[in-house]
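**Student:** Each chain, letter by letter, is given below.
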Amino acid sequence: GQQLNQSPQSMFIQEGEDVSMNCTSSSIFNTWLWYKQDPGEGPVLLIALYKAGELTSNGRLTAQFGITRKDSFLNISASIPSDVGIYFCAGRDNFNKFYFGSGTKLNVKP
Amino acid sequence: DGGITQSPKYLFRKEGQNVTLSCEQNLNHDAMYWYRQDPGQGLRLIYYSQIVNDFQKGDIAEGYSVSREKKESFPLTVTSAQKNPTAFYLCASTARGWHTDTQYFGPGTRLTVL
Chain A
2 GQQLNQSPQS MFIQEGEDVS MNCTSSSIFN TWLWYKQDPG EGPVLLIALY KAGELTSNGR
62 LTAQFGITRK DSFLNISASI PSDVGIYFCA GRDNFNKFYF GSGTKLNVKP
Chain B
7 DGGITQSPKY LFRKEGQNVT LSCEQNLNHD AMYWYRQDPG QGLRLIYYSQ IVNDFQKGDI
67 AEGYSVSREK KESFPLTVTS AQKNPTAFYL CASTARGWHT DTQYFGPGTR LTVL
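Residue numbers (our numbering), protein chains in the order written: chain A, 2 to 111; chain B, 7 to 120.
This is chain B alone, in the form it adopts within the complex:
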């Protein structure tokens, strides 16, 4: 089945540790995105990538890093510099082109930093 997978579903880490969240898509989409969602709030953009080996900072990039070495994969690292990392993280992808710019989401990863 085509889609976006995120793993793991739940992640627990100790304060001060870096942690990497996985995002894989087999939709052949060019663009991929990472969002953060806090309780009762909308989605805030962390990083996005329009093409392999290129990515841009979103509105809340501080304390996060990404890589885009393959079209299918866009891992997000939450570093120890992120002051409040506990949140629900959503990965999304979009096909480029006129009338195909629809964004699809993965199931999310809930990160809890203890």
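Next comes chain A alone, as it looks inside the complex:
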């Protein structure tokens, strides 16, 4: 299957700092999605992006659908301890299949 490269793999930051993570693909996607997963739970959708160039915010989270349709980034501003978790990107192809990055593990020090 298609591979999504998600970076960084993990981050250790201080509370209040901003965070940025991104995903790149070898193929174009029609949709980019960003999820947060807590241990032992299912991923929870944070932001959905449907159009190349689209920039969408959800509270302190901002994500963009890259112009080439092969990449996306997620920014978290003013991080707080409850932001701790694993963040996944996902892309949808023309056949309604979804492909996932390997995740970015975020640690926030109070």
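Source of the hints: derived by calculation from the structure; they are not laboratory data. Don't be surprised by glycine CBs; every beta carbon is placed ideally from N, CA and C.
In silico lysine-lysine, BS3-like type, Cα no more than 25 Å apart, as pairs:
no., chain 1, residue 1, chain 2, residue 2
1, B, Lys15, A, Lys106
2, B, Lys15, A, Lys37
3, B, Lys63, A, Lys98
4, A, Lys37, A, Lys106
Taking CB as the label site, the calculated pair distances span:
no., chain 1, residue 1, chain 2, residue 2, range
5, B, Asp44, A, Asn108, 15 to 25 Å
6, B, Thr118, A, Leu46, 21 to 31 Å
7, A, Asn76, B, Arg116, 24 to 34 Å
8, B, Arg102, A, Ser28, 15 to 25 Å
9, B, Arg19, A, Ile14, 37 to 47 Å
10, B, Ala87, A, Ser83, 39 to 49 Å
11, A, Glu18, B, Ser73, 39 to 49 Å
12, B, Pro14, A, Val45, 15 to 25 Å
13, A, Leu46, B, Val58, 23 to 33 Å
14, A, Thr69, B, Glu75, 38 to 48 Å
15, A, Asn108, B, Pro113, 16 to 26 Å
Chain A side only, calculated, beta carbon under 8 Å to chain B, not exhaustive:
no., residue
16, Ala91
17, Phe101
18, Gly102
Starting from the known structure of chain A, fit chain B onto it as the hints suggest.
**Tutor:** Structure of chain B alone, referenced to chain A:
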């Protein structure tokens, strides 16, 4: 409340036994998916179904089987042929249509084969 339910949350089975994981959704979504997640890794697609009575193999279908007799239900059977079945299994569903292709997940089932 609308959503996706998976049961049970934790499942233990002896090696060599088949086991079926339940997934039900009341979101009226057409498409349903099964993923496998191993520690520290992303999600890998096992099977997916775009419509009732139809399903396709994903990237790691060997040792698994599914059925889609009802729109609301997409059970996954982990057979004895699956060499390494211990994992966290996630079910998801998606509404079809332009700008509604967003995938939602259930809470997951952790399967441990002893």
